[in-house]
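Number of protein chains: 2
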Amino acid sequence: MSFLDSEFFQPLYEALESGHPDEIQTAASSYNAADLADFIEYTGAEDDAKGLALLQSLPADQQAKVFGYIEPDMQKILARLIPKGALAGIVTDMSADERADFFNLLDENQQHALFQSLASREREDLLRLASFEEGTAGAIMTSDYAVVSSGMTVASALSLLRNTAPDKETIYQAYVVDKSHKLLGAISLRNLIISAPGALVDSLMATGLVFTRTDTEQEEVARLISRYDLLALPIVDDDERLVGIVTYDDAMDVAEAEATEDMHKGATVGRLDTSFKTASPFSLYRSRVQWLVILVFGNIFTGAGIAYFEQTISAHIALLFFMPLLVASAGNAGAQSATLMIRGMATGDVTTRDWGMLLGKDILVATGLGLTMALAVMVIGLFRASPAIAMVVSITMVTVVLMGSVIGMLLPFLLDKLKFDPATASTPLITTIADVSGVLIYFSIATAVLGLG
Amino acid sequence: MSFLDSEFFQPLYEALESGHPDEIQTAASSYNAADLADFIEYTGAEDDAKGLALLQSLPADQQAKVFGYIEPDMQKILARLIPKGALAGIVTDMSADERADFFNLLDENQQHALFQSLASREREDLLRLASFEEGTAGAIMTSDYAVVSSGMTVASALSLLRNTAPDKETIYQAYVVDKSHKLLGAISLRNLIISAPGALVDSLMATGLVFTRTDTEQEEVARLISRYDLLALPIVDDDERLVGIVTYDDAMDVAEAEATEDMHKGATVGRLDTSFKTASPFSLYRSRVQWLVILVFGNIFTGAGIAYFEQTISAHIALLFFMPLLVASAGNAGAQSATLMIRGMATGDVTTRDWGMLLGKDILVATGLGLTMALAVMVIGLFRASPAIAMVVSITMVTVVLMGSVIGMLLPFLLDKLKFDPATASTPLITTIADVSGVLIYFSIATAVLGLG
Chain A
1 MSFLDSEFFQ PLYEALESGH PDEIQTAASS YNAADLADFI EYTGAEDDAK
51 GLALLQSLPA DQQAKVFGYI EPDMQKILAR LIPKGALAGI VTDMSADERA
101 DFFNLLDENQ QHALFQSLAS REREDLLRLA SFEEGTAGAI MTSDYAVVSS
151 GMTVASALSL LRNTAPDKET IYQAYVVDKS HKLLGAISLR NLIISAPGAL
201 VDSLMATGLV FTRTDTEQEE VARLISRYDL LALPIVDDDE RLVGIVTYDD
251 AMDVAEAEAT EDMHKGATVG RLDTSFKTAS PFSLYRSRVQ WLVILVFGNI
301 FTGAGIAYFE QTISAHIALL FFMPLLVASA GNAGAQSATL MIRGMATGDV
351 TTRDWGMLLG KDILVATGLG LTMALAVMVI GLFRASPAIA MVVSITMVTV
401 VLMGSVIGML LPFLLDKLKF DPATASTPLI TTIADVSGVL IYFSIATAVL
451 GLG
Chain B
1 MSFLDSEFFQ PLYEALESGH PDEIQTAASS YNAADLADFI EYTGAEDDAK
51 GLALLQSLPA DQQAKVFGYI EPDMQKILAR LIPKGALAGI VTDMSADERA
101 DFFNLLDENQ QHALFQSLAS REREDLLRLA SFEEGTAGAI MTSDYAVVSS
151 GMTVASALSL LRNTAPDKET IYQAYVVDKS HKLLGAISLR NLIISAPGAL
201 VDSLMATGLV FTRTDTEQEE VARLISRYDL LALPIVDDDE RLVGIVTYDD
251 AMDVAEAEAT EDMHKGATVG RLDTSFKTAS PFSLYRSRVQ WLVILVFGNI
301 FTGAGIAYFE QTISAHIALL FFMPLLVASA GNAGAQSATL MIRGMATGDV
351 TTRDWGMLLG KDILVATGLG LTMALAVMVI GLFRASPAIA MVVSITMVTV
401 VLMGSVIGML LPFLLDKLKF DPATASTPLI TTIADVSGVL IYFSIATAVL
451 GLG
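Same order as they appear, the protein sequences are chains A and B.
Residue 408 in full-length UniProt numbering is what sits at position 408 of the first sequence, and the numbering runs on without skipping anything.
Residue 126 in full-length UniProt numbering is what sits at position 126 of the second sequence, and the numbering runs on without skipping anything.
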């Protein structure tokens, strides 16, 4: 079932057509927040007023939840339409991390107006979260976590959590801190409810927690949460004081966004601020044109390589027939090696330390692949051209497949060492490099074996 | 910090060298289960006995947890080394889904022996979970979920959860079922602890739950959990009876594995059963050779296309110079469109319904890209060859970039319609198709404009 089937949203459409707030609210109550957000995005693209009417018909806490799921572009549009007081209400009810993301979308005047209408607690939160660099743990963490103090009993910890629960992103895991808010350990709600009421939290808490600092990259945060199956990862400042948590659902979003970015990079598509579906033609153009033009200039070298061997080619025009399959094979083998390497590095499976071992294994594999494919082209060469040309294409095939694979292994590693994203070693880039090298190797071997006629 | 730095594991190495079980247990207690599993995998590769000694030194519940994190290959090795009774103990303590995965690794004799030594509850669980098809919700779900019955009070529900908690994968969300185990709703532990003890769970439970069936594909399960920010997704049978749950941590693993598989497919790397790092050279060879050979045959057509236009090429040998950059640009533009489309489909951002709109947008973007690049090659053509050739290459560039993009949009969509994985429309496949078409278009235009000399 697609969530955007009009049938699925039919009751909501009808209620909105009727224009009665009660009917709208009743219809809306049977949908999830994520679905309502989708609905607002899609109807809003045609008719802002409908999206706004739906949002305003929802109960206050639901408004904030739905608003948090809406894509940035539509959030910006709604921010202009919603009355100032109502917007402040929604923003106050949003989770701290979503609030900070939304705040960063607004222009200076809007930020100023919104800031004035918030309570001091939310203001401080905003200022703190907004101060961290984009893409770090600090920027994606939330300050809505549950804490209990060292020395509390289970009963008082439970009662504290019961009273503060509705405000917190997750209370399933409470953090135990000392007087200076230094992180000592964690205690799960599960542990609290099965323990004796009089026991001290200190005796029950788990120590040796996995945690990280505010400047850790968000990919690493997602990796830690996934690796250790955490509900949330505590984030500490330089003095090891607890300042926030990143929850598993945000980690899932980060992991998905990172995988998308890496796949796009793998095909030389630059960063898109919105999804492929909602991106404007111009932003798609911009994200694609840069590398296409760079690669055109790369391919001039391939053309120049061919031009350089014009004499050999003229003398043995049959060589041209084999050129595409030889250079393409080098590129394809290179793309395979590079992709295995890049994804291995992105998931944390492969570290720099492993590279020597993996290169050795790759050379073995590529030799096997090169020999298999040399056999195939030798048969074609014998059938289609001459034994001499069959020999040239076989030798070239082994050489270029090996070369392509080694380039594919080497390039992501070098980019990483030079502090670039390894995913920049995209398939088209590898193919272009393989094209140039492949043409030079092929015609050099051909000239050596066959002469100039 | 890399978790496999020898410094990080130094205390554990030393304790294992000493051979004292107490020392080993003390040293092990300061590591996470996931880290201990890594340690066992890496030392185990050289010295099985060390890994085994470490595992056996751990407390019973910790043994099962660490064992669940170990990669399949090493699990198989350990299964042969651990005494039968001890193995049954570990397997009994494992979570139901990990137990089923492990069971499926064993050969028939081992399965039989293990099965005999399990209690009847675990046997039934195993049989049920093992009966679902690989890659479906049924195969990744666990039967360790918490249920309360319709009609219970908050106090009795809490007491039930308190008593059953240690056995359950997660008690943060309890499912409310009727007498025939039909799923009615869910109640969070958070809601239970903040509600009046005498209230009925029915009045507090959330209804309109997101759930799915046992035969839903695991990618879709992961997508639902991520979309709705769920801790767990309930799985029901054909009679809407609750039979299991999939938890967020398993969904993260599925999403990561699916992204890896899609990226590998994007570079024509076939399915690997283990990670790139631990895969044997032969399994890497096997996963790569198939498409490389298929693409060699695809490229024969490109070669044949060039051979067909031999006369035109001989008459205007300068045309060869521009061939690589024209066909490469078609392939690169195609790879961009295909990757945007494939990833959009994989994340659920793009549905079949959107395709017409996206194709229209892509044609607009590709025309812009083609014109930009035509301008670049026209300059090169004027500088390097003649106005006539500059015209040929410019017209060709616009045509092939547009063609490449449309192929890139069309192919994933067609594959999906034909029930293949859209990710099969890999960059190398697109490049090969673009090569053939690009050569034919280029030399056809050239022959039409320039004649045969």
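Think of the hints as simulated: they come from the structure by calculation, not from any bench.
Mixed in with the good hints, there may be bad ones.
The list makes no distinction among identical chains, and a pair is therefore deemed to hold if it is satisfied within one copy or across any two copies.
[As the list claims (entries may be wrong)] With a Cα cut of at most 25 angstroms, we get these calculated DMTMM-like pairs of lysine to aspartate or glutamate:
1) Lys417 with Glu7
2) Lys76 with Glu310
3) Lys277 with Asp237
4) Lys419 with Asp215
Keep in mind the model is a prediction, meaning the values are calculated, not measured.
Consistency of the hints with the structure:
no.: 1; hint: Lys417 with Glu7; result: between (53 angstroms within a copy, 22 angstroms between copies)
no.: 2; hint: Lys76 with Glu310; result: neither (59 angstroms within a copy, 58 angstroms between copies)
no.: 3; hint: Lys277 with Asp237; result: neither (38 angstroms within a copy, 34 angstroms between copies)
no.: 4; hint: Lys419 with Asp215; result: within (17 angstroms within a copy, 44 angstroms between copies)
Of the hints listed earlier, those the structure fails to meet are numbers 2, 3, in rising order.
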